[in-house]
Amino acid sequence: MNFSDEIDLIVHEYRQDADHNQYPVDTKRRVFCDVLSVGRSEYYAAAQTDLRPEHVFRLYSADYNGEKEVEYQDMRYTVVRTYAPKNKDKVDLTCERKVGNEG
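In this note's numbering, the protein residues as written are 28 to 130.
Note that these hints are calculated values from the structure, not bench results.
Here the structure is a predicted model, which is why all the values come from computation and not from measurement.
Each hint should be verified, as a subset may be incorrect.
[Unchecked claim] What follows is a list of derived Cβ distance ranges for each label pair:
| id | residue 1 | residue 2 | range |
| --- | --- | --- | --- |
| 1 | 51 | 112 | 28 to 38 Å |
| 2 | 30 | 124 | 36 to 46 Å |
| 3 | 81 | 29 | 20 to 30 Å |
| 4 | 48 | 102 | 24 to 34 Å |
| 5 | 61 | 107 | 34 to 44 Å |
| 6 | 43 | 115 | 18 to 28 Å |
| 7 | 29 | 49 | 38 to 48 Å |
| 8 | 116 | 95 | 17 to 27 Å |
| 9 | 107 | 55 | 38 to 48 Å |
[To be verified] Distance condition first, Cα-Cα at most 27 Å in a straight line; then the derived DSS-like pairs of lysine-lysine:
| id | residue 1 | residue 2 |
| --- | --- | --- |
| 10 | 115 | 95 |
| 11 | 113 | 95 |
| 12 | 95 | 117 |
| 13 | 117 | 55 |
| 14 | 55 | 95 |
| 15 | 125 | 95 |
| 16 | 115 | 55 |
| 17 | 125 | 55 |
Here a beta-carbon is modelled for each residue, glycine too, at the ideal position from N, C-alpha and C.
Take these sequences, add in the hints, and give me the full structure.
Dropping the structure here:
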């Protein structure tokens, strides 16, 4: 694992204009990661609950702050599961593609 890929972690926030109208703003933060395959058993277990995981992104735990959405290769993904492998300084994000919501 050499963390040779990059993903954007996305935080959804609301800001207020001069007329006090709120509008959504996405804040992206780029981090290094490894892209892993979704295991067969994990894929089929997720499919039983109508989830369709496509990628697992492994990144440093210090880089992850609970974001629920990521962007990878101009596609947006929802984080459906997080997992800390034996090495506790890393975290795996299992993600499925957001339909109709390209970056």
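Here is how each hint holds up against the structure:
no., hint, verdict
1, 51 <-> 112: 28 to 38 Å, "holds (33 Å)"
2, 30 <-> 124: 36 to 46 Å, "violated (22 Å)"
3, 81 <-> 29: 20 to 30 Å, "holds (22 Å)"
4, 48 <-> 102: 24 to 34 Å, "holds (30 Å)"
5, 61 <-> 107: 34 to 44 Å, "violated (18 Å)"
6, 43 <-> 115: 18 to 28 Å, "violated (39 Å)"
7, 29 <-> 49: 38 to 48 Å, "holds (42 Å)"
8, 116 <-> 95: 17 to 27 Å, "holds (22 Å)"
9, 107 <-> 55: 38 to 48 Å, "violated (20 Å)"
10, 115 <-> 95, "holds (20 Å)"
11, 113 <-> 95, "holds (22 Å)"
12, 95 <-> 117, "holds (17 Å)"
13, 117 <-> 55, "holds (20 Å)"
14, 55 <-> 95, "holds (12 Å)"
15, 125 <-> 95, "holds (11 Å)"
16, 115 <-> 55, "holds (24 Å)"
17, 125 <-> 55, "holds (16 Å)"
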